[in-house]
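Visitor: Put together the whole structure using the sequences plus the hints.
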Amino acid sequence: MKRYLLIICLLLNACANLPTAIKNPPSNDISYTQAIQNVAGYKDAPVRWGGIITDVENEQNFTQVQVLYYPLDWEGEPETDKPNAGRFVFKTQEFLDPAVYTKNTEITVAGTLIGDIERTVGKKVMRLPLISATTIYRWPVYECDSRYDGYGYNPYYTGYPYYWGDYYWPFARPGVRYR
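In mature numbering (1 follows the signal peptide of the UniProt record, and there is no 0), the protein residues as written are -21 to -1, 1 to 158.
None of these hints come from the bench; they were simulated from the model.
All C-beta atoms, glycine included, are put in the ideal place defined by N, C-alpha and C.
Just so you know, not all the hints are guaranteed correct.
Simulated restraints, written as ranges between beta carbons of each label pair [unchecked claim]:
(1) Pro5 - Gly101: 31 to 37 angstroms
(2) Asp52 - Asn7: 17 to 23 angstroms
(3) Val79 - Gln39: 26 to 32 angstroms
(4) Asn7 - Glu58: 20 to 26 angstroms
(5) Asn83 - Glu54: 16 to 22 angstroms
(6) Glu97 - Gly20: 30 to 36 angstroms
(7) Lys61 - Gly94: 37 to 43 angstroms
(8) Met105 - Lys82: 30 to 36 angstroms
(9) Asn17 - Asn37: 26 to 32 angstroms
(10) Arg106 - Asn40: 21 to 27 angstroms
(11) Lys22 - Val120: 33 to 39 angstroms
(12) Val104 - Asn7: 26 to 32 angstroms
(13) Gln39 - Arg117: 18 to 24 angstroms
(14) Asn40 - Ser6: 27 to 33 angstroms
Quick list of in silico lysine-lysine cross-link-like pairs, DSBU-like style, CA-CA up to 35 angstroms [stated by the list, open to error]:
(15) Lys2 - Lys82
(16) Lys22 - Lys102
(17) Lys2 - Lys61
(18) Lys82 - Lys22
(19) Lys103 - Lys82
(20) Lys61 - Lys102
(21) Lys102 - Lys70
(22) Lys82 - Lys61
(23) Lys22 - Lys103
(24) Lys103 - Lys70
(25) Lys2 - Lys22
(26) Lys82 - Lys70
(27) Lys82 - Lys102
(28) Lys70 - Lys22
(29) Lys70 - Lys2
(30) Lys22 - Lys61
(31) Lys61 - Lys103
Guide: What follows is the structure, given as C-alpha coordinates:
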(Lines of atoms letter the chains of each structure in order from A and count residues from 1; the text may use other names and numbers.)
(Lines give C-alpha, C1' and ligand atoms only; values in the text may rest on other atoms or scores of the structure.)
Protein backbone atom coordinates (compact mmCIF):
# COMPACT_ATOMS: atom_id res chain seq x y z
CA MET A 1 0.00 0.00 0.00
CA LYS A 2 2.82 2.39 0.85
CA ARG A 3 4.34 1.71 -2.56
CA TYR A 4 1.16 2.83 -4.37
CA LEU A 5 0.87 5.92 -2.19
CA LEU A 6 4.46 6.86 -3.04
CA ILE A 7 3.81 6.38 -6.78
CA ILE A 8 0.65 8.51 -6.64
CA CYS A 9 2.48 11.26 -4.74
CA LEU A 10 5.33 11.24 -7.26
CA LEU A 11 2.93 11.43 -10.20
CA LEU A 12 0.95 14.28 -8.67
CA ASN A 13 4.15 16.12 -7.84
CA ALA A 14 5.47 15.66 -11.38
CA CYS A 15 2.25 17.06 -12.87
CA ALA A 16 2.21 20.01 -10.48
CA ASN A 17 5.69 21.15 -11.49
CA LEU A 18 4.96 21.44 -15.22
CA PRO A 19 4.97 25.00 -16.56
CA THR A 20 1.53 26.17 -17.74
CA ALA A 21 2.76 26.73 -21.31
CA ILE A 22 3.89 23.09 -21.48
CA LYS A 23 0.82 21.61 -19.75
CA ASN A 24 -1.73 23.53 -21.87
CA PRO A 25 -1.51 23.82 -25.65
CA PRO A 26 -2.10 27.21 -27.31
CA SER A 27 -5.73 28.02 -28.17
CA ASN A 28 -5.06 27.79 -31.92
CA ASP A 29 -2.62 24.90 -31.77
CA ILE A 30 -0.73 24.47 -35.05
CA SER A 31 0.46 20.99 -35.85
CA TYR A 32 3.94 20.28 -37.14
CA THR A 33 2.52 19.05 -40.45
CA GLN A 34 0.57 22.29 -40.99
CA ALA A 35 3.66 24.38 -40.26
CA ILE A 36 5.89 22.39 -42.63
CA GLN A 37 3.43 22.87 -45.50
CA ASN A 38 3.12 26.65 -45.02
CA VAL A 39 5.73 28.17 -42.69
CA ALA A 40 5.16 31.72 -43.98
CA GLY A 41 1.40 31.44 -43.44
CA TYR A 42 1.81 30.53 -39.78
CA LYS A 43 4.56 33.02 -38.95
CA ASP A 44 4.22 34.48 -35.41
CA ALA A 45 1.75 31.75 -34.42
CA PRO A 46 2.09 30.16 -30.95
CA VAL A 47 3.21 26.53 -30.94
CA ARG A 48 3.97 23.79 -28.43
CA TRP A 49 6.14 21.05 -29.89
CA GLY A 50 8.44 18.42 -28.47
CA GLY A 51 10.75 15.57 -29.23
CA ILE A 52 14.30 14.39 -28.74
CA ILE A 53 17.33 16.69 -28.90
CA THR A 54 19.71 15.91 -31.76
CA ASP A 55 22.07 18.91 -31.62
CA VAL A 56 22.84 21.95 -29.41
CA GLU A 57 24.71 24.97 -30.80
CA ASN A 58 25.70 27.79 -28.47
CA GLU A 59 26.48 31.15 -30.09
CA GLN A 60 27.64 34.31 -28.36
CA ASN A 61 24.13 35.66 -27.58
CA PHE A 62 21.80 32.71 -28.10
CA THR A 63 21.45 28.94 -28.30
CA GLN A 64 19.90 26.93 -31.12
CA VAL A 65 18.71 23.39 -30.49
CA GLN A 66 17.71 20.92 -33.20
CA VAL A 67 14.94 18.53 -32.16
CA LEU A 68 13.56 15.37 -33.74
CA TYR A 69 9.81 16.03 -33.61
CA TYR A 70 7.37 13.60 -31.93
CA PRO A 71 3.67 14.18 -31.21
CA LEU A 72 2.82 15.20 -27.64
CA ASP A 73 0.57 13.39 -25.18
CA TRP A 74 -2.16 15.01 -23.04
CA GLU A 75 0.33 16.65 -20.66
CA GLY A 76 2.83 17.74 -23.30
CA GLU A 77 5.38 14.91 -23.12
CA PRO A 78 6.77 13.59 -26.44
CA GLU A 79 5.36 10.19 -27.39
CA THR A 80 8.56 8.57 -28.60
CA ASP A 81 6.82 5.26 -29.26
CA LYS A 82 5.01 6.90 -32.20
CA PRO A 83 6.71 7.71 -35.53
CA ASN A 84 8.54 11.02 -35.79
CA ALA A 85 7.45 13.55 -38.40
CA GLY A 86 10.67 15.49 -38.99
CA ARG A 87 12.83 18.05 -37.25
CA PHE A 88 12.58 21.59 -35.98
CA VAL A 89 14.95 24.12 -34.42
CA PHE A 90 14.27 26.37 -31.47
CA LYS A 91 16.21 29.45 -30.49
CA THR A 92 16.54 30.91 -27.00
CA GLN A 93 18.48 33.78 -25.45
CA GLU A 94 19.41 31.50 -22.54
CA PHE A 95 22.63 29.52 -22.44
CA LEU A 96 21.71 25.83 -22.60
CA ASP A 97 24.62 23.71 -21.42
CA PRO A 98 25.25 20.83 -23.87
CA ALA A 99 26.23 18.66 -20.88
CA VAL A 100 22.69 19.05 -19.49
CA TYR A 101 20.74 19.27 -22.76
CA THR A 102 22.41 16.21 -24.24
CA LYS A 103 21.59 14.29 -27.37
CA ASN A 104 18.54 11.98 -26.92
CA THR A 105 17.05 14.10 -24.12
CA GLU A 106 13.27 14.47 -24.29
CA ILE A 107 12.15 18.09 -24.41
CA THR A 108 8.99 20.17 -24.94
CA VAL A 109 9.13 23.76 -26.15
CA ALA A 110 6.46 26.47 -26.20
CA GLY A 111 7.01 29.62 -28.19
CA THR A 112 6.38 31.40 -31.47
CA LEU A 113 7.00 30.10 -34.98
CA ILE A 114 9.28 32.74 -36.53
CA GLY A 115 10.08 31.14 -39.86
CA ASP A 116 12.43 28.47 -41.07
CA ILE A 117 16.17 27.87 -41.10
CA GLU A 118 18.49 25.89 -43.32
CA ARG A 119 20.29 22.96 -41.66
CA THR A 120 22.47 20.15 -42.93
CA VAL A 121 21.53 16.66 -41.73
CA GLY A 122 24.22 14.26 -42.88
CA LYS A 123 24.82 15.50 -46.43
CA LYS A 124 21.27 16.68 -47.04
CA VAL A 125 20.35 20.36 -46.73
CA MET A 126 16.90 20.86 -45.21
CA ARG A 127 14.63 23.79 -44.32
CA LEU A 128 13.40 23.32 -40.76
CA PRO A 129 10.79 25.35 -38.84
CA LEU A 130 12.35 27.81 -36.38
CA ILE A 131 10.72 28.58 -33.03
CA SER A 132 11.55 31.44 -30.68
CA ALA A 133 11.23 29.59 -27.37
CA THR A 134 9.54 31.18 -24.37
CA THR A 135 9.28 28.01 -22.24
CA ILE A 136 11.58 24.99 -22.34
CA TYR A 137 10.95 21.83 -20.34
CA ARG A 138 13.44 18.98 -20.16
CA TRP A 139 11.69 15.76 -19.15
CA PRO A 140 13.38 13.87 -16.31
CA VAL A 141 14.50 10.26 -16.63
CA TYR A 142 13.64 8.21 -13.58
CA GLU A 143 16.10 5.54 -12.53
CA CYS A 144 15.28 2.78 -10.09
CA ASP A 145 17.48 0.41 -8.18
CA SER A 146 16.38 -2.79 -9.90
CA ARG A 147 16.68 -4.79 -6.68
CA TYR A 148 13.76 -2.87 -5.22
CA ASP A 149 11.49 -2.42 -8.21
CA GLY A 150 8.40 -3.51 -6.32
CA TYR A 151 7.97 -7.02 -7.71
CA GLY A 152 8.45 -9.78 -5.20
CA TYR A 153 10.44 -7.65 -2.77
CA ASN A 154 10.03 -8.64 0.85
CA PRO A 155 12.81 -7.48 3.18
CA TYR A 156 12.06 -10.30 5.64
CA TYR A 157 12.02 -13.14 3.13
CA THR A 158 15.42 -14.44 2.04
CA GLY A 159 14.54 -17.79 0.48
CA TYR A 160 14.13 -19.13 -3.00
CA PRO A 161 12.73 -18.19 -5.55
CA TYR A 162 12.74 -14.45 -4.83
CA TYR A 163 16.19 -13.97 -3.39
CA TRP A 164 19.12 -14.83 -5.61
CA GLY A 165 22.47 -13.34 -4.70
CA ASP A 166 22.31 -9.57 -4.56
CA TYR A 167 18.96 -9.07 -6.27
CA TYR A 168 15.45 -10.47 -6.27
CA TRP A 169 14.90 -12.95 -9.07
CA PRO A 170 13.04 -13.41 -11.45
CA PHE A 171 11.53 -9.95 -11.39
CA ALA A 172 14.56 -7.67 -11.03
CA ARG A 173 16.57 -6.77 -14.07
CA PRO A 174 19.94 -5.25 -13.12
CA GLY A 175 20.98 -2.21 -15.11
CA VAL A 176 17.52 -1.46 -16.54
CA ARG A 177 16.50 2.21 -16.66
CA TYR A 178 12.84 2.85 -16.03
CA ARG A 179 10.87 5.77 -17.49
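Visitor: The hint says 17 to 23 angstroms between Asp52 and Asn7; measuring C-beta to C-beta, is that right?
Guide: Given range 17 to 23 angstroms: holds, Cβ gap about 20 angstroms.
Visitor: With the threshold set at 35 angstroms, check whether the alpha-carbon distance from Lys61 to Lys103 stays at or below it.
Guide: holds, 24 angstroms
Visitor: Is the distance from the Cβ of Glu97 to the Cβ of Gly20 consistent with 30 to 36 angstroms?
Guide: violated, 19 angstroms
Visitor: Holds or violated: Lys102 with Lys70, Cα cutoff 35 angstroms?
Guide: Holds, because 23 angstroms separates the two Cα atoms, which is no more than 35 angstroms.
Visitor: Checking one constraint from the list: CA of Lys82 to CA of Lys102, max 35 angstroms. Satisfied?
Guide: holds, 19 angstroms
Visitor: Going straight from one Cα to the other, do Lys82 and Lys70 come out at no more than 35 angstroms?
Guide: holds, 16 angstroms
Visitor: Between Lys61 and Gly94, does the beta-carbon spacing fit 37 to 43 angstroms?
Guide: Between Lys61 and Gly94, where Cβ atoms are some 27 angstroms apart, the hint is violated.
Visitor: Can you let me know if the beta-carbon spacing of Asn7 and Glu58 is within 20 to 26 angstroms?
Guide: Holds: the Cβ-Cβ distance is about 22 angstroms, inside 20 to 26 angstroms.
Visitor: Confirm or reject the claim that Pro5 and Gly101 have a C-beta distance inside 31 to 37 angstroms.
Guide: About 32 angstroms separates the Cβ atoms of Pro5 and Gly101, which means 31 to 37 angstroms holds.
Visitor: Just to be careful, I want the Cα atoms of Lys82 and Lys61 compared with a cutoff of 35 angstroms; is the pair within it?
Guide: holds, 19 angstroms
Visitor: Take the C-alpha atoms of Lys103 and Lys82, compute the straight-line distance between them, and say whether it is at most 35 angstroms.
Guide: The hint holds at about 20 angstroms.
Visitor: Has the given pair, Lys2 with Lys61, been kept, meaning a C-alpha gap of at most 35 angstroms?
Guide: Given that 35 angstroms is the threshold and the Cα spacing comes to 20 angstroms, the pair holds.
In this structure, the earlier hints numbered 3, 6, 7, 8 are contradicted, and the remaining ones agree with it.
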